[in-house]
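Number of protein chains: 2
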Amino acid sequence: MPDTHNSDFNVTPWEVTGQVDYAKLIKKFGTQPIGDDLKQRLFKDAGESHFAIRRGVYYSHRDLDLALTDFEEGRRFFLYTGRGPSGPMHLGHIIQFYFTSWLQRRFKANVYIPLTDDEVYLSERSPSLDVAQKWAFENSLDIVAAGFDPDHTFIFKDTEYLGRMYKLAIRVAKKINFSTAKAIFGFGGETNIGFLFYPAIQVVPSLFEHSRCLIPCAIDQDPFWRIQRDIAESLGFPKAAALHSKFLPALTGISGKMSASIAETAIYLNDDERTVRSKIVKGAFSGGQATVEEHRRLGGNTEVDVPFQWLYMFFEQSDDRIEQIRQEYSSGKMLSGELKGILIDKVNEFLKEHRARRRRAEGELEKFTGTGELASRMMNSDLT
Amino acid sequence: MPDTHNSDFNVTPWEVTGQVDYAKLIKKFGTQPIGDDLKQRLFKDAGESHFAIRRGVYYSHRDLDLALTDFEEGRRFFLYTGRGPSGPMHLGHIIQFYFTSWLQRRFKANVYIPLTDDEVYLSERSPSLDVAQKWAFENSLDIVAAGFDPDHTFIFKDTEYLGRMYKLAIRVAKKINFSTAKAIFGFGGETNIGFLFYPAIQVVPSLFEHSRCLIPCAIDQDPFWRIQRDIAESLGFPKAAALHSKFLPALTGISGKMSASIAETAIYLNDDERTVRSKIVKGAFSGGQATVEEHRRLGGNTEVDVPFQWLYMFFEQSDDRIEQIRQEYSSGKMLSGELKGILIDKVNEFLKEHRARRRRAEGELEKFTGTGELASRMMNSDLT
Chain A
333 MPDTHNSDFN
343 VTPWEVTGQV
353 DYAKLIKKFG
363 TQPIGDDLKQ
373 RLFKDAGESH
383 FAIRRGVYYS
393 HRDLDLALTD
403 FEEGRRFFLY
413 TGRGPSGPMH
423 LGHIIQFYFT
433 SWLQRRFKAN
443 VYIPLTDDEV
453 YLSERSPSLD
463 VAQKWAFENS
473 LDIVAAGFDP
483 DHTFIFKDTE
493 YLGRMYKLAI
503 RVAKKINFST
513 AKAIFGFGGE
523 TNIGFLFYPA
533 IQVVPSLFEH
543 SRCLIPCAID
553 QDPFWRIQRD
563 IAESLGFPKA
573 AALHSKFLPA
583 LTGISGKMSA
593 SIAETAIYLN
603 DDERTVRSKI
613 VKGAFSGGQA
623 TVEEHRRLGG
633 NTEVDVPFQW
643 LYMFFEQSDD
653 RIEQIRQEYS
663 SGKMLSGELK
673 GILIDKVNEF
683 LKEHRARRRR
693 AEGELEKFTG
703 TGELASRMMN
713 SDLT
Chain B
333 MPDTHNSDFN
343 VTPWEVTGQV
353 DYAKLIKKFG
363 TQPIGDDLKQ
373 RLFKDAGESH
383 FAIRRGVYYS
393 HRDLDLALTD
403 FEEGRRFFLY
413 TGRGPSGPMH
423 LGHIIQFYFT
433 SWLQRRFKAN
443 VYIPLTDDEV
453 YLSERSPSLD
463 VAQKWAFENS
473 LDIVAAGFDP
483 DHTFIFKDTE
493 YLGRMYKLAI
503 RVAKKINFST
513 AKAIFGFGGE
523 TNIGFLFYPA
533 IQVVPSLFEH
543 SRCLIPCAID
553 QDPFWRIQRD
563 IAESLGFPKA
573 AALHSKFLPA
583 LTGISGKMSA
593 SIAETAIYLN
603 DDERTVRSKI
613 VKGAFSGGQA
623 TVEEHRRLGG
633 NTEVDVPFQW
643 LYMFFEQSDD
653 RIEQIRQEYS
663 SGKMLSGELK
673 GILIDKVNEF
683 LKEHRARRRR
693 AEGELEKFTG
703 TGELASRMMN
713 SDLT
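Protein sequence lines, in the order shown, are assigned to chains A and B.
The first sequence begins at 333 in my numbering and counts up by one.
The second sequence begins at 333 in my numbering and counts up by one.
Simulated from the structure, these hints should not be mistaken for laboratory data.
Treat the hints with care, as some may be off.
Pairs involving identical chains hold if they fit within one copy or between any two copies, as the list cannot separate such chains.
Calculated cross-link-like contacts (lysine to any residue; reagent style SDA-like; alpha-carbon spacing at most 20 Å) [unchecked claim]:
#1 Lys514 x Val463
#2 Lys489 x Ser713
#3 Lys489 x Glu470
#4 Lys376 x Gln465
#5 Lys507 x Glu456
#6 Lys514 x Thr401
#7 Lys578 x His382
#8 Lys665 x Asp340
Chain A with its partners taken away, still in its complex shape:
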């Protein structure tokens, strides 16, 4: 999940530069904002509310209304979200999967999760296929820990499952020419021919069932779904629906860049308590004032304060509590150090629980990759 923020911004599936104007992105990509009516309809169908929708972390969509209509009329949609296994996962990566597992529970949906080892290799984000596959294994444990149903979730590495995907992939690929791929993804003469083919592979899981696919993803992935929606019906499948999230800002600032190669910008799922504390205390960009006196007088700026944003986007899920924090911080009653302390406790509590679930996942993983109900069906059936 790339997320650089400066004044001019550019968002592609492989690069995000500048400070993202999310409202502009909706216009640029031609997606729809999630209005209040649609939110309420989603909560009603789900049987409960969800903070990430309430707060606009997921803020844009394509055809979410049609997916809900399907559900309301007894036709289940299925979920698809993936991971490029280029390295260890950080908090920005995992919150997507927690939200997807919530959708799965509430809508009794099958979930398909490719680990795109081919993509990270072909795009030079991994030094070798072996390394990508090692990370695919490590990442899959974190993904399972996010709470998926072992009988209705299929996790697979592209390189291992491509044998069954290839026929569908070339049916998709035949409908995408170089000019289109160039326009949408910025491909050029230097792009290798494996990476040129990859968009077809990313589209395929959205065609794993003949019912509607709903894709929860960060907004930068939308170009793939634009292609999917251009060609799906001509192949006999529904257009995919999508639910787009904003990016969790980098620790070092909402105008800074979270980078896998700059450890200080992110908190990894295997960072220990001391590391979490140190990264947040030393590195988290604060919206507080330069001195305690000034802070008491002027208050903190929650819009740019990364600890506040992280609490708001994931770690403090109580609306009452987050509003209390917002008020106390912006009024100057709460100092930056206190706010950071709240986040440190929340992150460490989350990571402790996540890691316990990850340990349990080791014994469950093969259900997701082969022996569970959905996985064994996928491993033994032809895709058409």
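Let chain A serve as the given structure and place chain B on it in line with the hints.
Leaving out everything else, chain B in the frame of chain A:
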């Protein structure tokens, strides 16, 4: 095997236009002619001579000398030749396989034969994958009939075997960028991204073993092997060797175009005796004179006479007999009708025997695709 012949010529793996100047093609592609010393060395290693080499039907090569050195020093090379299953096979297609099976017997070599159903689908040479797969099955019976060893030959459809090929394919693909593919294959903005990826797939079987691959093929396929030779060593494999043939001319003339959609230009392996006779009598381009009197006086031109060329390139394998025919025909002693009669008998005799072998192939096919020694090893091992 495309083979149009006009004054200016152009040869790519998917299109051959103009009258091919084979000597120029050697210079253009940067290959080597097969000199007399190399011919004799090949015959000595093979333990017998072969008319197609003696007569220059296979006339160009890359590293054939190195393949022979490998063999002489006890390191076996392996053979790779394929078929795009776009329709029924004609005589021009099958003679390649007869030659390859001769190489297999004489050099005790494994042979890998992909049926590139993906390629014919992606390049619009087949209306659907299902149709391509039907032809892949039909073609595989004709290929088996050419005399391959069921325990040392692996025949597979790309779409069925791609699961095991994909990792190698993306290692290859990562080394070929769009600019290179454009320069070599003439790809452009309208080329679909599946076809853009295809050259990587065509390279993969040349990496099925870590020993040297020798590829007998029509000269138009050489661009693929140029790419193979550019990248193989960086992936830890030897550069492929190749043995290039001329094209069997179209029935309608060495300057005409053999086209799968124009039945008169080709003789198919399932054409019956009457059809063969009719096509040759009515349609075979003759180098004879306009009247019997003129022919007796001036003689026939064997250079442009398609019946003579077909006899020379495949159907009359006795050097004494073909020289006798050449002399009698060019001196005017033999008339065009007589020459055509000789070819008709030869073709029908060949097709009768070929079809008997094809019927036997039905019971043997599964050895080539799964249960034979080499096929079962390939179906159960990872490619690295």
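Okay, the hints, checked on the actual structure:
In this assembly of identical chains, Lys514 and Val463 lie within 20 Å of each other by CA distance neither inside one copy nor across copies; the values are 28 Å within and 31 Å between. In this assembly of identical chains, Lys489 and Ser713 lie within 20 Å of each other by CA distance both inside one copy and across copies; the values are 17 Å within and 18 Å between. Proximity of Lys489 and Glu470 under a CA criterion of 20 Å is satisfied intra-copy only: 12 Å inside one chain copy versus 34 Å between copies. In this homomeric assembly, Lys376 and Gln465 never come within 20 Å of each other (Cα to Cα): the closest approach is 40 Å inside a single copy and 48 Å across copies.
In this homomeric assembly, Lys507 and Glu456 come within 20 Å of each other (Cα to Cα) only across copies, at 12 Å, whereas the closest approach inside a single copy is 26 Å. Taking identical chains as interchangeable, the C-alpha atoms of Lys514 and Thr401 are never at most 20 Å apart, the minima being 35 Å within one chain and 46 Å between chains. In this assembly of identical chains, the alpha carbons of Lys578 and His382 lie at most 20 Å apart only when taken from the same copy (16 Å versus 69 Å across copies). Within a single copy, Lys665 and Asp340 get their C-alpha atoms no closer than 35 Å, and across copies no closer than 86 Å, so neither meets the 20 Å cut-off.
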